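Protein chains: 2
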Amino acid sequence: MNKQQIIKAVAEKTDMPRKDIAKVFSSIFETILECLEKEESVRLMNFGSLTVKTYKPRKGYNPSSKIVVQLPERKAIRFKLAKRAALKKLK
Amino acid sequence: MNKQQIIKAVAEKTDMPRKDIAKVFSSIFETILECLEKEESVRLMNFGSLTVKTYKPRKGYNPSSKIVVQLPERKAIRFKLAKRAALKKLK
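Those protein sequences? They're chains A and B, same order as listed.
Sequential numbering from 10 applies to the first sequence in the working numbering.
Sequential numbering from 10 applies to the second sequence in the working numbering.
The set of hints was computed from the structure by calculation and includes no laboratory data.
Hints are not guaranteed to be accurate.
A pair holds if it fits inside one copy or across any two, identical chains being indistinguishable in the list.
[Said to hold, decoys possible] Simulated pairs of lysine-lysine, BS3-like, Cα-Cα distance not exceeding 25 Å:
hint: 1; residue 1: Lys12; residue 2: Lys89
hint: 2; residue 1: Lys62; residue 2: Lys84
hint: 3; residue 1: Lys17; residue 2: Lys32
hint: 4; residue 1: Lys89; residue 2: Lys68
hint: 5; residue 1: Lys17; residue 2: Lys47
hint: 6; residue 1: Lys32; residue 2: Lys92
hint: 7; residue 1: Lys89; residue 2: Lys62
hint: 8; residue 1: Lys47; residue 2: Lys22
hint: 9; residue 1: Lys92; residue 2: Lys65
These numbers come from a predicted model, not from an experiment.
With these hints in hand, go ahead and build the complete structure from the sequences.
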């Protein structure tokens, strides 16, 4: 499912104009991104949370070149499904 | 950041009534959850994608009890940041 399909589904559920829904949609995800860029976590009740995790620099082994390489510090975004959302079907 | 704070930020950006923003907000994430429950992936341009990953049953080792246990099949939701979103600050 992509953005347009979600906007269509939301328009059917809320009877609101697609133009307004698209405006709110973009602004929500822009706000979430701004938050993650400040490495602040985002907690959405009944849905889940997005947190920025920092992985320390570490040694890695490249099996094809058989060389030990130094991997730099890395940041990744973790998504965790809210318990209530998980109870439905996805464990 | 939580749902109310995001709605407040979106209201400031879009000048739309909070009531409408809250309605769209809930409906967007409800739609995304319905999609994930059907194990369909969600791809949001300039933001990221949410996909359901299935982990096969496997043997696990419990270091405290020193017993090998059979772990059942497990499903988890993976979030991947869109490249364009990642270019800003988060690698």
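Comparing the hints with the structure gives:
no.	hint	verdict
1	Lys12 / Lys89	both (21 Å within a copy, 16 Å between copies)
2	Lys62 / Lys84	both (6 Å within a copy, 21 Å between copies)
3	Lys17 / Lys32	both (13 Å within a copy, 14 Å between copies)
4	Lys89 / Lys68	between (27 Å within a copy, 24 Å between copies)
5	Lys17 / Lys47	between (31 Å within a copy, 18 Å between copies)
6	Lys32 / Lys92	between (29 Å within a copy, 22 Å between copies)
7	Lys89 / Lys62	both (12 Å within a copy, 13 Å between copies)
8	Lys47 / Lys22	between (33 Å within a copy, 19 Å between copies)
9	Lys92 / Lys65	between (29 Å within a copy, 22 Å between copies)
Checked against the numbered hints above, the structure violates none of them.
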